[in-house]
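Visitor: Protein chains in written order, with our numbering: chain A, 1 to 718; chain B, 1 to 75.
Note that these hints are calculated values from the structure, not bench results.
Take every hint as true, because none was put in to throw you off.
Straight-line distance between alpha carbons at most 27 Å, and here's what the computed DSS-like set of lysine-lysine pairs gives: (1) B:K63 to A:K450; (2) A:K48 to A:K31; (3) A:K443 to B:K63; (4) A:K346 to B:K9; (5) A:K238 to B:K73; (6) B:K9 to A:K246; (7) A:K485 to A:K31; (8) A:K686 to A:K42.
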Amino acid sequence: MSDSTIKVALIGNPNTGKTSLFNHLTGLNQKVGNYPGITVDKKTGTCKLSKTQKATILDLPGTYSLNPSSADEKIVIDVLNTPENDNYPDVAIVVTDVEQLKRNLLIYTQVKDLEIPTILVVNMADQMQSKGISINIPQLEADLKTKIVVISSKQKTGIDEVKEAIIEYKSLSTKRCIPAERITQNTITNTDLFTSLSKTELKKVQHRETIVRYQFINEALKKSYVVDRSKATDIQAKLDRVFTHKFFGYGIFAILLLLIFQVIFEWSNVPMDFIDGAFGALAKWTKEVLPAGMFTDLLADGIITGLGGIVIFIPQIAFLFLFIAILEESGYMSRVVFLMDKIMRKFGLSGKSVVPLISGAACAIPAIMATRNIESWKERLITILVTPFITCSARLPVYAILIALIIPNERVFWIFNWQGITLMLLYLIGFAIALLSAYILHKTLRIESKSYFVVELPKYKVPLLKNVAYTVVEKTKTFVFEAGKIILAISIILWVLGSVGVNDQFHNAESIVAESIEKNGFTKIQEVALKNKILRYGESLEEEYKEAGKTFDEEAMNDSIIKKIPEFKEELIEDEIAGMRLENSVLGTIGKAIEPAIKPLGYDWKIGIALVSSFAAREVFIGTLATIYSVGSEGDDESGNTIKAKMQAEVHSNSGKKVFTFATGISLLLFYAFAMQCMSTLAIVKRETNGWKWPMIQLGAMTVIAYVAGLIAYQFLK
Amino acid sequence: MLTIADLKKGETAIILDFPIDSIPLKLIEMGCLPGNEISLVQTAIFNGPLFLTINESNIAIRKDTAAQIQIEKVL
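Starting from the given sequences, assemble the full structure and let the hints guide the process.
Guide: Pasting the structure below:
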């Protein structure tokens with residue numbers, strides 16, 4: 001069976017519709033992986049050619065030639081040049097855009113000269129008429145010594161012909177299309193030459209080769225490719241006059257960004273609340289169904305809660321990538337790169353850094369992966385190092401609760417509100433520190449790296465829904481699996497550390513709590529929590545009455561509440577026990593050990609534990625505090641009332657002063673704005689920079705900045 | 001000698017020559033070759049990149065690169 005699988009490689013310039021063809025051929029049978037030893041994405045898929053025949057399609061990164069200038073482009077040569085390579089294709093398909101045929105044929109002639117059977121696909125046939133293009137296919141096939149298939153990926157025509165051509169690949173000519181003597185021996189395919197020449201000499205050789213190839217292409221196209229310019233309509237130029245305008249261009253970009261962020265937050269609320277609720281319910285259900293014990297606790301509190309922490313960000317990330325994919329597919333994104341280059345360059349970044357920085361608002365992980373097309377290593381490195389400062393979605397839950405705690409919910413200037421303004425300021429601070437550190441890195445890093453900038457501004461087109469959908473699914477999947485593995489592992493470790501005790505108070509927590517309540521009754525804080533529970537239960541009952549359309553019956557309601565009170569008390573006691581256990585667990589001991597270091601920032605050991613545990617992922621902070629303040633199951637309350645009340649009531653055990661003052665709150669907000677606090681990001685930075693050096697420097701620097709900012713804020717405000 | 005950096009918005013020229021060493025190969029591959037026609041579509045603010053049409057493709061390059069490519073204006 002495996003014998004009848006044909007290996008196909010898709011090659012072509014960026015923006016020729018290569019990925020569309022890939023999606024058409026493979027449907028949902030796609031896989032994204034990495035080339036062995038390299039971090040460039042490898043997309044493969046299977047295509048059913050006929051009843052008995054299958055093909056594996058390899059989608060190679062878009063490239064203009066076989067002369068490598070970026071990591072992505074080097075892959076293409078590695079695959080096509082080494083027949084021993086597992087990915088070496090039986091047949092190569094070069095995808096070209098009918099309007100850019102001349103430029104696109106450059107890489108075709110290079111592939112063809114490797115003597116691999118090659119099919120030439122001319123895409124966007126639907127454009128031919130309106131652009132006044134006509135091609136003499138038989139003539140061009142003869143000159144290029146190949147089979148040509150004309151397709152339209154937009155209208156889905158010609159796909160079957162491509163499949164037929166693949167089946168018949170053995171009948172394709174493997175002759176070079178440009179006689180070797182014309183290019184002499186000076187081609188890239190001559191590996192000895194490639195390694196023996198100096199960089200400048202090599203470039204000269206490649207330069208000469210490129211000219212010879214263009215001469216050949218010009219001759220061939222002169223015979224068979226005709227453009228009647230009178231038929232060409234030019235909306236393209238008109239669009240560019242507006243979108244890249246010195247004034248309107250920037251205005252449109254700013255408005256688009258604002259709209260996108262607004263929409264992301266608005267649309268994400270509903271699915272995020274749903275996911276939050278669903279995972280909470282699942283954890284609760286697990287505890288009810290499975291027998292009580294270590295395993296159930298690990299499953300419910302460690303694994304399910306940990307998974308929930310990843311899954312909850314899927315809506316925001318998916319929406320962000322939806323918009324980024326639309327902007328990229330339509331051709332608009334490269335205009336932004338053009339508009340922003342000069343401004344970004346002042347900070348040591350490139351116009352191409354804009355895309356990662358915008359993506360960073362959802363999550364730094366895919367954002368850092370998006371830096372791969374920045375050619376200059378210095379600019380790319382700076383972009384990677386500063387992207388985690390951009391306020392990502394994982395900071396939101398932390399910001400939300402701290403803001404609610406210390407900033408009054410009052411209106412200013414009629415439409416604004418202090419809490420909203422604070423949140424916006426935090427976003428701006430993140431952006432400002434990213435630019436500032438980029439500037440410092442730019443001035444201090446001594447990296448020789450040629451900063452050149454060549455960007456193609458493709459034709460505007462209406463994005464293909466299918467492509468956008470694939471991108472969203474694929475990027476979201478990468479995030480879930482990359483970040484998921486680490487968050488899950490950390491959740492389990494944290495849970496274990498929190499469930500292993502170091503002393504008697506841990507092991508006898510149950511009897512100690514029972515004794516204390518018997519002797520002294522509930523504490524003030526517990527009274528407040530109990531009141532809150534009753535209040536909320538009453539509210540939910542009222543709601544039920546309303547929904548059922550029944551008249552309000554106060555007596556029945558009071559009865560029902562009274563019946564519930566023992567259950568509430570039971571919950572409170574359980575929470576208290578959980579709190580005591582945590583305090584005396586390994587995790588609690590760690591928190592106490594680091595207390596002296598974080599005291600100047602206004603934090604106590606409980607916040608210390610939350611800081612340490614949220615090093616893995618910021619969103620763990622709230623969950624940890626919820627457990628520490630022994631609010632347990634109440635922590636996921638949507639309004640945050642109980643945990644808020646708990647935090648508000650929390651006092652230092654020795655001085656009796658409040659823990660969460662304005663000063664502590666601001667200090668924590670700044671700490672979370674600047675600190676790295678994300679294992680998954682570190683892992684990605686390690687992967688993208690090929691070593692631990694940069695992620696460690698990044699971690700150290702960000703932690704120091706966060707510490708100093710927290711320290712200054714607390715010492716000035718206390 | 002005139003270079004691409006001297007072009008004004010909307011002007012068209014023919015590429016004459018450039019120093020191979022300091023021009024990105026990618027630009028050559030995209031069709032920036034002697035003899036080809038080139039026109040300036042747009043410039044970004046603060047002396048930012050130039051938006052050019054070369055060989056039917058839209059390409060943006062920075063001004064320092066553009067200043068090395070010699071041209072002859074088409075009247």
